[in-house]
Every structure is written in C-alpha cells, then in structure tokens.
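Since chain A is already given, all that's left is putting chain B on it; use the hints.
Protein chains: 2
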Amino acid sequence: MPRSKEAAQANLENLHRIFTVPEAPDSTLGSIDRDIAGNVAGFLQTHVVALERKLIEIEQDFSNARVPEEPTFVSDYTEFLTDKLVAQSVNTASPAFIGHMTSAFPYFMLPLSRIMIALNQNLVKVETSKAFTPMERQVLAMIHRLVYDRDDDFYGRWMHDPRHALGAFCSGGTVANITALWAARNRLCGPSGEFRGIAREGLAKALRHLDCAGLAVLVSRRAHYSLGKAVDLLGIGRDNLVAVETDENSRIDLQRLREESRRLQGEGMRVLALVGIGGTTETGNVDPLEAMADFAQELNCHFHVDSAWGGPTLFSRTYRPLLRGIERADSVTIDAHKQLYVPMGAGMVVFKDPETLASIEHHAAYIIRRGSKDLGSHTLEGSRPGMAMLVHAGLSIIGRKGYELLMDGGIERARHFAGMIENHPDFELVTVPELNILTYRYVPAWLQQDLARADAETARRINARLDRIIETIQKRQRAAGNSFVSRTRLALPRYRNEPIIVFRSVLANPLTTDEILASVLEEQVAIAAQPDLAAEFAEIMAALG
Amino acid sequence: MPRSKEAAQANLENLHRIFTVPEAPDSTLGSIDRDIAGNVAGFLQTHVVALERKLIEIEQDFSNARVPEEPTFVSDYTEFLTDKLVAQSVNTASPAFIGHMTSAFPYFMLPLSRIMIALNQNLVKVETSKAFTPMERQVLAMIHRLVYDRDDDFYGRWMHDPRHALGAFCSGGTVANITALWAARNRLCGPSGEFRGIAREGLAKALRHLDCAGLAVLVSRRAHYSLGKAVDLLGIGRDNLVAVETDENSRIDLQRLREESRRLQGEGMRVLALVGIGGTTETGNVDPLEAMADFAQELNCHFHVDSAWGGPTLFSRTYRPLLRGIERADSVTIDAHKQLYVPMGAGMVVFKDPETLASIEHHAAYIIRRGSKDLGSHTLEGSRPGMAMLVHAGLSIIGRKGYELLMDGGIERARHFAGMIENHPDFELVTVPELNILTYRYVPAWLQQDLARADAETARRINARLDRIIETIQKRQRAAGNSFVSRTRLALPRYRNEPIIVFRSVLANPLTTDEILASVLEEQVAIAAQPDLAAEFAEIMAALG
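Listed in order, the protein sequences are those of chains A and B. The working numbering numbers the first residue of the first sequence as 1 and each following residue consecutively. The working numbering numbers the first residue of the second sequence as 1 and each following residue consecutively.
These are calculated hints, taken from the structure and not from any lab test. Note that CB positions come from ideal geometry on N, CA and C, so glycine has one too. Incorrect hints may appear among the rest.
Derived DEER-like restraints, expressed as beta-carbon distance ranges [stated by the list, open to error]: (1) Gly268/B with Ile56/A: 49 to 57 Å; (2) Glu6/B with Ala529/A: 38 to 46 Å; (3) Ala87/A with Gln297/B: 46 to 54 Å; (4) Gln297/B with Ile56/A: 36 to 44 Å.
Keeping only pairs whose Cα atoms sit at most 30 Å apart, straight-line, the calculated BS3-like set for lysine-lysine is [what the hints assert, rightly or not]: (5) Lys84/B with Lys54/A; (6) Lys54/A with Lys84/A; (7) Lys352/B with Lys54/A; (8) Lys84/B with Lys401/A; (9) Lys475/B with Lys84/A; (10) Lys475/A with Lys84/A; (11) Lys401/B with Lys84/A; (12) Lys84/A with Lys352/B; (13) Lys475/B with Lys373/A; (14) Lys84/B with Lys373/A; (15) Lys54/A with Lys5/A; (16) Lys54/B with Lys373/A; (17) Lys5/A with Lys401/B; (18) Lys475/A with Lys373/B; (19) Lys401/B with Lys352/B; (20) Lys401/A with Lys5/B; (21) Lys352/A with Lys5/B.
Isolated chain A (complex conformation) (with noise of 0.2 Å):
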C-alpha cells in the first residue's frame, strides 16, 4: 500500500473506533464520568470554580475560529474541558444559587439522560421515536388533567388520537408562549367563506377580513419578555401587546385592563388574547385567573395562561387555589425544566379544547403524514429529543405527593426568608412572596427612616444611589462565588411606580437552609460595609443633613 493510501485506511479506522469503541473506565473522560455518576455534588463542589473570573478573560479560551485541522485525542479534550469549561460553569445546583430558575434536579435524572441520549430518538415522527410517542402524548394528557381535570373518557377519546394533540411538548416556554399565540391567531383567523384562513393568506387578508386595524394581546407589565418575541415574531407587533399597569402585588389592574380594551376597541383593534401570568418571573405574583377568564369571555377573546413557573404549584392541595381559573384558560403554559425539577430544555403547552391545535396542522409527504401519530404536526420545532421521558420519569417516581412537598417547601422557604428580611434592620422586603419569589434591597435602619419622610425629589435622588449600590452588592456577591441571588429592577406603587433595583431570590431547591439564607444576607450586609460602599452611605447621610 502507498503511504497516503495506508495513512488514509489508518484514519477511517479510527473514525470507526471513535463510533464503536466506548470510553474505557480509566481514561480522564471514563473517569470524569464516573465521579459524576456517584457524586454530582460533589464533582461540582470540586470543579467548579467558586471565584468569578473575568469573561473576557475566559473568552480567551474560546476564541479561535477554525475548527482544528486534525482530531484531538478524546482525553486532552477532556482536560480541556475540565480546567476551561467545567470550572468556570454556574454551580446552579448550589442550595445557595438562589437568584434564577435553574436549580437542582434529582439524582435519577442522570442516568436516565443517558437512557434518553443513547437511545437518540427523534419525536417528530413515530418512525423514530416508536414507544416515545404515545409517552409524549401521555405526558401531555397529564399536565392536561393537573389543569383540567377532565374524566377518563375524555383523555381515553382525545390522548392518542391521531388528527389531535392535547399539548404540545417544546424546547422550553418561549416556544411554549409562541405556540399558544400562535394556534389562537390562527384559530381567529380560520377559514371562512372566501377566506381561507391565516395560515394560508397571511396576516395582512386576514385584519381584512376580520375587518380590524390590527390584533392585540393583553398582559401585565410584569409579563415574561417571551410575549414581546411572539408578537414580533407572529407580525402582530410589539406596540398591539399592551402592558397593563399592576397593582400593588404585582397582579393585572383590572380596572386598567377594561380601559386598555376599551381604548383598543376604541381604535379598531381586535383583542386577539389576554395573558394570566401564573407566577411572575420577577416576583412570582398570580394575576387574578378567575376575573380574567371572565372578561376574556366577555370580550370574547383566547386566554392564555403563562404559568411556566408557577404550574406545578397545582400539585398541591394547600396552595392550588392561588391558580384559581386557570382550568378556564384557553392554554396554559408549564415548564417542565423549572418546577417539575427536568434538566434544561423541556417545556410544554396545553390546550383546552383538543381542536385548537388543528389550526397550526401542517404535514409533510416523508414524514408526518395525514393520519399518522406522528406528534410533529403540531409543533413548532421539526426534530425534537426524547425530554418528555424525564418528565414521565419525575411524574412518576416523585408522585403528585413529592411534588406538592416540593412546591409548599418552596412557598414555606420563601415566606420565611421573607421573615427574616423584615426583622433585618437593615433590609427592606420590597414585594412579599405568593409562590417562592421574592424581592427585597439592602437599606440600613437610619436611610429607610429617611426615605420614609422624604419629598418625592429627595426620595428619586436617594434611590438611584441606592440603585448603584444594590448593583454593586449583587455582582460583588456574585463575583465571590459563594452564593447567588439576582436582580431586577420594578416599578411598583409603594416606590411611586419608579423603577428601582432589587434583589431577587428564587427558592426553588429544596436543600437551601436557613442557614444558607442567613448566611446570604449575612455576606451582603459585609459587602455593604466595604469601604468604597460605606464612603457612599456616608455621602447619603452627609446630603440629607
């Protein structure tokens, strides 16, 4: 054989291996592998590196843009990966990351990824997904039934037919948000006489038809920014998805929400849905679902609830009446990546009337024909991972019970945190927690006495010192490693609707303690008293005399 010709056989032998040949158990990979298997906390402890480096530093990295010329040996890559990527990942399984929606999930959800991976099933037709299939449908039945609760004979006629979908299953709850808009715009567009409907002529024939200047969608000010990328994307605009003021507790102004309808009414404009939020993601509030579903009747619009976060709280039986009407909402958006505690990428929608979803049907002549079971005609995704298997998992092995444990210790974590910051002098609890979310700043004893009696000019400049300061705190915090909340930034009555900069703590985990939330504070109050941070404290006091 020639040299090239003996490289080349040479070369397409190890590609063979690379397929065939698994890891071996002592190799830097098969090793990592292992650690992780017995001791996620652990190798995560261990790895991932507590002190915040710089981005621009860890970019350094990453910044070659060809891809290598010849392969890498699988073990150099892995410590690689390990000293470059790994440690200066997000410890989001830390009981003390309490700032956003990424937290711990359950041992079993490890080695059943590898199930799911290995199996590398595509859900978008039954040709590759076989028993993944009806398992979906399943999954969607189920979160259906935890809104809905409908009989048996409904989920026996609808599950697993063919031409319907009770739900669909996405990559997350944007696409969940999007899916639900986009079924009700089609829906309200649908063929009629001549029209023949949305989806075929467009949106443009379509407000003809309909006879209106345009379509709106109504949502609290507090709405997931998900709503603002549907109605781009959907044509409809981000000016027609009117914000609506919130009260005190961060829930829809009804009243305003009248107004807002009556001024659109007023303008030509079609309420195309109203939008319940079912636990907002910057304080965790429940709009009023009920007076909603009401009014949404009444206007004769789609309802829409985005309970991504707050939909699990239906598990349990103390706290399910805070989500009071949502079995009246057209869809409802639930994340199973959040509080059904699944690895990232898994969010679903369901509809109400098992109809709905038709309005979005599109086939294709290879796959996902006329007739078949194949889920993909209902989505927005093409090929799509088998997740729902992990959701099956967690419904099954945790139960409706060990889900309602999770959720009210999640609500009891809160309200006791909650506690804590109020009897903290130098705290200010600035919304009270509903579900697990709640926001706060730090603000020494003698400064809130003083914003207490200030004018609504001194009140503005304090507060945008404040702003600084809280900034600061967060990402000193953040940049330490140690532990984790967030910020925001809301407008609320009490602060004379004039944004202000908070801390925002998601108490999702189950194993964060009170010693860990003691202990958070604890550091703030230390990061405070830093001697730049003190000099502005100082200057505060020095202008209010």
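Only chain B this time, still in chain A's reference frame:
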C-alpha cells in the same frame, strides 16, 4: 411526634434523598447506566426489540392520564422503562437504519452529555452559563467560518461582541430556518422615517409602508416543511411560499424561478427571500446556489440557504464545490444533530452580516440586559441547554479531516449503493445521489420494460399499483425490524411529474457496510415475493396482456 407529622417528616427525608443520593451501582438504574456506558451498541441490540409491536398496543402502557399519587421506587420505574419504552424504541444507531437523518454518534458524546446535563447550564444568560456563553459564541464563529471563511480580524472583532451575534444556536433546523426568515423580514421592514419597524408596528403596517400587497418567499418544491411553518408563523401565509418547479435533478428550475418572481412582482408582491437548499431532505440534491445568489442580488432580497443536512459537506475538500455559492448567502442553516453527529436537539443558523440579527434583538430587566453578552438577546428560544458543548467537542475531537472522512464516506457509500441498485435487474434508481441520499423503487425487470413502452394512462395505472406495493414493502421491512429505509412521494419530470412513491435511503452511518446494503435489497426482493404481493404483480402482468 404525632403520626402524620412523622409521616411528613419521613416524606421530606425521602425527598431530600432523591436530590442527594446517587443511584447505587448495583441498583437497576445504576447497572443499566453502566451497561450503556460500556457498550451502547450491545445495550441497544439487547434491549431494543427488533420486531415491531403495534402502536395501539404500545399505547396501552401509556394511557393513564393521572399523575400517580404516591412516589414510585426508581428501580420499579426503571424496569417499567426498559420493558415498555426502551424495548419499543427505534434503534436509530443501527447501521441498517438507513431511512432517516437520525443516526449513530461517536461514543465520547455519551459521557460528555452527562457532564453537560449535570452542569445544567442555561444559555439564555451569562449568569447561568458563564464559560458556556463564550464557548457557544466560538462554535457559532466556527460554523460561520466554515461557511463564509472570513479572516482572523473579522472573528476577533465580532465573535464575542456583546451587541452582536454571528448566529443563533437552536433546538433544531426548524427554529434555525424560522430565525433566518424572521431576521430577514424584520430587516426588510426595519424602522425608517415615521415607520418604527415591523417588530413594533406589525406586518400589516409594514406592508403599507413598503407599499406592497404582501411578502413572498421563493423556494423549490423540495423545500423542507419547516419553511411552511415559518411563513405561517411570520404572518406571511403559506400561499406566499412559492414552490418553484425542479429540474430532473431535483434542483430549482431557474427559468421558472424567474417567471414566478415576475408574476409576484406583477401582483404587487415583494420578494422577501430566496431559499436555496443545500441537500434536499428527500433526495439530497443541492440547488444552483451561485445562480440563486446572483438572482437574489438582482431582486435585492435576502438569500437563505437551508443546508441543515448538507452543510457539513463543506468540510470535504473534494465535495465542498457542490455547495459553491453558499458563501454568498445572507444566512445559512446547519443542523448539528444531523451530520455533525451530535445527539438530538442542536441546530444553528449563521448570518453573513453580524448586524442582521440586531433586527430581532430583545432585552429584559432581570436578564439579557442591554450590553450584556447574554446570548438570549438574539435567539427565538429563551432558556436553552448547553448543547453547543457537544458541537464544540465534535469539532475539536473529530477535526476537519475527520468530518471530511465522514462526508466523503457517506457520499461514496451512496454512489456505491446507487450502483448496486442500477445493477440489480429488479430495482429502479429514481434519484441519483448527489450527496448521500438516494431514492429508488422495486420494479421487476419485465415491468420496467413494459413501463418504458407504456402510454401515459397505462403508466399512471401501473404506478398507482406500484405505489401501494412499495408502501407495503417499506412497512413490512420496518415491521420486521432488521433494517429500515423510509419512503416518500416524489413528482419528477422523468415520471411525467406525477407523484410516485419511492424508497428513500440516507447513508450517514459510517458503520453501514456493503453487506448491510446488499441485505436491505435482498430483504425487499423477498418481501415482494410474498404471496399477496406476488399475486399483485401477476395481476399487473395479466392486465398488461
């Protein structure tokens, strides 16, 4: 402690345990996990039952819509899972599974997936992804460079620029295609003068501003069905996705393209985009991208290339010229879970101009703030897993030369298979492979001769009967479970543009051997000889006289 309190305490302890105690290595799940790690292929062969069970029977195991009240032991659940789900999955990794685009992936992807899942990063924002954000930006830059081959300065300037993104990482090619057309639409209808842009004002006002009757997208009739979803979602309407006729090689007919475009302009329509296909889903053909780029320039419209399948062919020095002109596209879709051999759930779209994605930019107060490097500001999806890590691993470990071998191997295997089909007296090659996809059908030698002589009406009658037979053969082969080809319906000039049903074969698995390909054909011959099908052929022969 009273009884109920004791029980509640025990429940809480159980709950903590599932979050903190890993599966014992000798537990059911632990041992499956180890089996898969040590030998996926063996695990799949042992556990995935080849013989097809009827879907309606499988559904029985997934028909309870009620979430179980009580928790289940992980071991019990795992047994259910292996019996009812794993056993009834599709062995997509089998080298005899040559019917769809889902195939095997290298072994190292499995332990790396475990790392990715254990880290549970959320790419929407740096606060929950840290090093994963620069890594994903690097992956997008690598794919950008693969397509556009800009210099180091370009990537140094744009790769990590917080206000820009070279592309979007998506759950799959459908979201990638939607993102491309969304950006194109919003760019065409951007703010100008009084008009504040389609993102804010919506599609109807944008059309008025552009002074046109509607937007249109032109693509060949071989387009992936995701483009239909895209124009529906974007409010453009499916009627305005114009499916242009193809030539004998399933490539867009440039003459017809010009005619359609003239017709649209005559109707006052504005062409938003031309879409070229870099590997059609059904036949693997590549549109004349260079000529389409010229024409897009002439029309002054967006030029998108959907190379979800064929994109990685760019790694091959030999076959890269097949995609000539792709570097002139404004946007390009490439799926990683197809020919980058990454597990399901990874697609990408890259944009020639780093400014394009600004048209869909969005922000929120609590995350993806203005000026942050958060990738969430330029994606359709919100929360997203760290799948980019697996793409990064593939590109690094396999390298350009490794992917070249994979691409060359697939194309050569397809040519070889085409030769086998042509040399077989009882098969007819319907579409010649350009990349690694081909279609063919079973037509006994004598019938091929008759068909060649038949008039249009007779040919139509014969083809209708052949269609049913081909469909039956495909279903029986799938049900037998030894091998799998898919089927589709194609209209080709050679067949008077009347749709016929064909077998479709996708040669992406590097472990597929000549022996396997030969046995696929043998099995089809054997099925065709089964009494009922033999009788069908006898009837056809009799009818022909």
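Going down the list of hints, with the structure as the test:
no.	hint	in the structure
1	Gly268/B with Ile56/A: 49 to 57 Å	51 Å, holds
2	Glu6/B with Ala529/A: 38 to 46 Å	44 Å, holds
3	Ala87/A with Gln297/B: 46 to 54 Å	47 Å, holds
4	Gln297/B with Ile56/A: 36 to 44 Å	38 Å, holds
5	Lys84/B with Lys54/A	48 Å, violated
6	Lys54/A with Lys84/A	13 Å, holds
7	Lys352/B with Lys54/A	29 Å, holds
8	Lys84/B with Lys401/A	25 Å, holds
9	Lys475/B with Lys84/A	49 Å, violated
10	Lys475/A with Lys84/A	22 Å, holds
11	Lys401/B with Lys84/A	25 Å, holds
12	Lys84/A with Lys352/B	29 Å, holds
13	Lys475/B with Lys373/A	15 Å, holds
14	Lys84/B with Lys373/A	18 Å, holds
15	Lys54/A with Lys5/A	48 Å, violated
16	Lys54/B with Lys373/A	12 Å, holds
17	Lys5/A with Lys401/B	15 Å, holds
18	Lys475/A with Lys373/B	15 Å, holds
19	Lys401/B with Lys352/B	24 Å, holds
20	Lys401/A with Lys5/B	15 Å, holds
21	Lys352/A with Lys5/B	38 Å, violated
In terms of the numbered hints stated before, the structure departs from hints 5, 9, 15 and 21, listed from lowest to highest.
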